[in-house]
Amino acid sequence: MSIPAGVIGEFKDVNVIMTAAQKINEAGYRKWDIHTPYPVHGLDKAMGIKRSIITYISFLGLCGGLSTALGLQWWTGAVDYPLNIGGKGLFDWQFSIPVDFELSILGTAIMTVVGLFGLCQLPTWYNRYQNDESFKKATDDTFVVTIDSDDDRYSAELTATFLRGLGAQNVHTVTA
Amino acid sequence: MKVQEQAPIREPLVLGNPSLHDITARIASIVESKISMKYLMTVGFTGALAAWGLFALYYTITTGIGVWGLNNPVGWGWDITNFVFWIGIGHAGTLISAILFLFRQKWRTAINRSAEAMTIFAVICALTMVLSHTGRPWLFYWLLPYPNQMNMWVNFRSPLAWDVFAVNTYFTVSALFWFVGLIPDLATLRNYVKSDLARKIYGFLSLGWTGSTRHWHHYEIAYMILAGISTPLVLSVHSVVSFDFTVGIMPGWHTTIFPPYFVAGAIFSGFAMVMTLLVIAREVLDLKQFITLKHFDNMNKIMLATGMMVGYAYGMEFFIAWYSGNPYESWVFMNRLFGDYAWAYWTMVTCNVVSPQIFWFKKARRNVPLMFVISIFINIGMWFERFTIIATSLHHDFLPASWGYYSPTWVEISIFIGTFGVFLTLFLLFSKFVPVIAIAEIKGIMPGSQPSHHHEHDHAPHAAVTEGAH
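Protein sequences, first through last, are from chains G and P.
Numbered according to the numbering used here, the first sequence spans residues 10 to 185.
Numbered according to the numbering used here, the second sequence spans residues 21 to 490.
It is worth saying that the hints were derived from the structure and are not from the lab.
Ideal Cβ positions, reconstructed from N, Cα and C, are used throughout, including at glycine.
Treat the hints loosely; a few may be bogus.
[As the list claims (entries may be wrong)] If you anchor each label on the Cβ, the simulated ranges turn out as follows:
(1) G/Leu69 x P/Tyr343: 45 to 55 Å
(2) G/Gly57 x P/Phe123: 22 to 32 Å
(3) P/Ala45 x G/Ile106: 31 to 41 Å
(4) G/Lys59 x P/Gly268: 52 to 62 Å
Isolated chain G, as found in the complex (with noise of 0.2 Å):
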């Protein structure tokens, strides 16, 4: 016996996509997603997706490369091993500038990396749409609607009249 996954609809205008993104979300859905080629601009608002939170992660990534950048370059000049140099300072904010910029970029690089991963659950090998020929049409030239069998809306009949009434194409319900 298998379970089924939820429902795939296939759109291939980006008019029409962006109105049906509203009204999925009007009607109430919130486990379904938009599986496009390329970001489609206002496609995200559309679907009412709140504002990711990924900038304070890189930001994040700047204060603890900047604060190790600091850390490192004032505690092994100054303080653990003072070494006088042609009588420059033990430690100035002046001459850190340079490495305190290089470990603030990558300490930025670094957490959006790993924030984008967190977000996105990347990597994930799996996928329980994977095996549908149309789900794998969203990487080519499709935007392909998918809704979750186990948001507390779904029926898998009326969700696929529902998906057919906005406009989807070879609407069908897949199995996991």
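Chain G is already provided as a structure; the job is to place chain P on it using the hints.
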């Protein structure tokens, strides 16, 4: 939107008006097609160059850098020249992928992927040069601050220590940026290729990307942040490289113009290298549909602009040498014009300042064989720029008794040829097995691929068209 509609029709960025599926099929066909004999022979040739360079490197490492032509006073020669040359080449990749992204220059989408790949390969070559010049590269970790039994730390007051941080950060960030950009395209290939093994490899590397809008939402912000931080990074890296010279007190090195001068030169040389590679790749991989004359036109304009900046810096160096009233500084610059290395100086000026002037003419900017030749000239000229800075300043230093002349041995020449072999081999492998054009980005700039108007406010009262049953 209105303004754009009324403006004169822009030249299309992708020719032949392909459908989204055509784009997937076209780029994937490069990966899917059988490996040709011609390809194998080319890789064999570049691989042989790489192997020869690696042999020379092996000889250097096992014998010592005494096998190079370096002497007293010329302690830096081809090693550091090549290092600065390769790092500079990398900068165009970051410029194209990051700065042009922030400026919303849509034409970058056709060339950013290969330019970023070029960045990474160029930085690998640069790292090889700088590691081998240390003499004992197996002790590379001495460059890093780590607790050790000598209780010593690196000297953060030295630009050479800054350079370690700058170059390593640059390599890491470029690689992350490149890989993040690749994920959606690898997913496209995963779903497209027929071979089971290829599907598994692309499937593994694409990390299970599905094109989910929820993911794209995070992705686009992450990509923007990476572009945003890469922009100051690329400017900082070559500035730090120039500090290696400016903080020294050598006449010819000790000038404040170096950071901007080095950055402009880096972008100039990098664009020339992108041009050289793309002219070939466009022919061999038949990418004329995506890499159009408009792209080349734009790149030639950037080369003309940065070439003039470099020319301005050459002139300004002479002005300051005279205006500063420093006799050593003035003498070094006269020595550049007429001294032992005058041939290198004039090669540099001819290639970098004179040759790009042809790009004032639109006909020249769209003449592919001509721009290929000019790009080679610029590559040569920019190499000589670094050589001029390093060798002419060093060979006649403060003590006339130690004045000398430097020429490379076969070992240094072989290593340099070898870096080209490594660079080209990696680029060939990339162009065969990785999507050379950013597929998702190209699709996003196709006419009609983005919604014609946003639906945020206008349709609010129409909520009645929802499901009746719930």
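Results of checking the hints against the structure:
For G/Leu69 and P/Tyr343, the hinted distance range of 45 to 55 Å is satisfied, since their beta carbons lie about 48 Å from each other. Distance hint check: the CB atoms of G/Gly57 and P/Phe123 are about 31 Å apart, consistent with the given range 22 to 32 Å. A beta carbon spacing of about 50 Å between P/Ala45 and G/Ile106 contradicts the range 31 to 41 Å that was offered as a hint. Checked against the hint of 52 to 62 Å, the C-beta distance between G/Lys59 and P/Gly268 comes to roughly 53 Å, which is consistent with it.
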